[in-house]
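Number of protein chains: 2
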Amino acid sequence: MSAFGISGLAHLFGVLAIILLLVWLLHYREGIEFDSDIGFRVFNVHPLLMFLGFIFLAGEGMMAFLTIPGKREVRKFVHMTLHIVAIILGIVGLYAVFKFHDMAHIADLYSLHSWIGIVTFGLFGLQWLFGFVTFMLPGAQGPTRATMLPWHKAGGRALLFMAVCAAETGLMEKSRFIGLKPYQTEINLVNFTGLAILLFGVSVNIVVGLR
Amino acid sequence: MSAFGISGLAHLFGVLAIILLLVWLLHYREGIEFDSDIGFRVFNVHPLLMFLGFIFLAGEGMMAFLTIPGKREVRKFVHMTLHIVAIILGIVGLYAVFKFHDMAHIADLYSLHSWIGIVTFGLFGLQWLFGFVTFMLPGAQGPTRATMLPWHKAGGRALLFMAVCAAETGLMEKSRFIGLKPYQTEINLVNFTGLAILLFGVSVNIVVGLR
Chain A
1 MSAFGISGLA HLFGVLAIIL LLVWLLHYRE GIEFDSDIGF RVFNVHPLLM FLGFIFLAGE
61 GMMAFLTIPG KREVRKFVHM TLHIVAIILG IVGLYAVFKF HDMAHIADLY SLHSWIGIVT
121 FGLFGLQWLF GFVTFMLPGA QGPTRATMLP WHKAGGRALL FMAVCAAETG LMEKSRFIGL
181 KPYQTEINLV NFTGLAILLF GVSVNIVVGL R
Chain B
1 MSAFGISGLA HLFGVLAIIL LLVWLLHYRE GIEFDSDIGF RVFNVHPLLM FLGFIFLAGE
61 GMMAFLTIPG KREVRKFVHM TLHIVAIILG IVGLYAVFKF HDMAHIADLY SLHSWIGIVT
121 FGLFGLQWLF GFVTFMLPGA QGPTRATMLP WHKAGGRALL FMAVCAAETG LMEKSRFIGL
181 KPYQTEINLV NFTGLAILLF GVSVNIVVGL R
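In order, the protein sequences belong to chains A and B.
If you count the first sequence from 1, position 106 lands on 106 in our numbering, and the numbers rise without skipping.
If you count the second sequence from 1, position 146 lands on 146 in our numbering, and the numbers rise without skipping.
Among the clues, some could well be false.
For identical chains, the list gives no copy identity; a pair is met inside one copy or between any two copies.
[To be verified] Below, a list of computed lysine to aspartate or glutamate pairs in the EDC-like style, where the Cα atoms sit at most 20 Å apart:
(1) Lys99 x Glu173
(2) Lys181 x Asp108
(3) Lys181 x Asp102
(4) Lys99 x Asp37
Treat the hints as calculated values from the structure; they're not laboratory data.
Predicted model only: the values in this text are computed from it and were never measured.
Kindly generate the complete structure, drawing on both the sequences and the hints.
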């Protein structure tokens, strides 16, 4: 199977994860609404936007040089744009969880999930800025770009990996928080969602690693 | 900084994670003993051996082609041996958690942590077998090896990534299980352990990604 074939698998796992997340949040949980008086509906914005932004769009952005037809400049623009959209969705998703904590009087930033998440968000922003300054602005010269490219790629792969760790720990935290019991339907749904997210991350990693 | 410099950081984060894990399991928790009548002492074998095997030794094995002086054959032997030791430690570590579940009448394999862990363990074994047959046995020819190498590398990176996800979700599960409270010393210790494990995984990934 080629890198292009694996990118097909990546799309599949990504879309599967979105569907499973929506079934979970809309059917099993309270629904998704940023401006609700019900704290859990506000909270549910968080997992959806963090996955859509930091994992799905960022992953698709990483594969854009392979999967988008057209000139290199077009692919690069799509790559950069998907990542800035990821950051915007991430800001809204993070705002939602702090808003929920405020509504429900829950402490902020004490769990491993929150630590991994906040470190990943910060480094992701730096990686985007670094990439924009080096590869989009006309300032950096060819040799500088050539030196920086492997670091940009390795950093991007590491960040996707950290974002997936944040998602998996987040799903664990929520499963425990709502007291899911062994083998019940909802915990299996959450676990399959986690596996789909993991396999999306793994597939994207293999696609960009093989190039 | 060179790939070799980053490998220094990787050793540092790896050793830091071992120290933090030992402080946690020996000082804050019940200690580590495979043949104990106290279930928690049996359980504590699990996090130690899974990290030592599947993450630390596997990660050191992945970097062996860069960090071990000597001929290519020596490096390759170290690479292969560290991975088989990882598998043996992994088997003992998995046995410990099933033994603990049996002693404490806890259900097996229902959490996202256990699902990620068991999938990773199975694929790790397959990757080792695949590597041994292709690269150690004299059967496979040069062109086959050259075709398989990028897949072996990409698969190995993906597996380290999955193993780190398993570790992080495991730390979350245990933190919740023992009811750690926000901002207390022990939860911060667990979180720093999780960050050290994550940074070890990230550094190894960058080292092998840059080569």
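Taking the hints in turn, this is what the structure says about them:
no., hint, in the structure
1, Lys99 x Glu173, "within (18 Å within a copy, 25 Å between copies)"
2, Lys181 x Asp108, "between (26 Å within a copy, 12 Å between copies)"
3, Lys181 x Asp102, "between (27 Å within a copy, 18 Å between copies)"
4, Lys99 x Asp37, "within (11 Å within a copy, 46 Å between copies)"
Against the hints set out earlier in the document, no violation occurs for any number.
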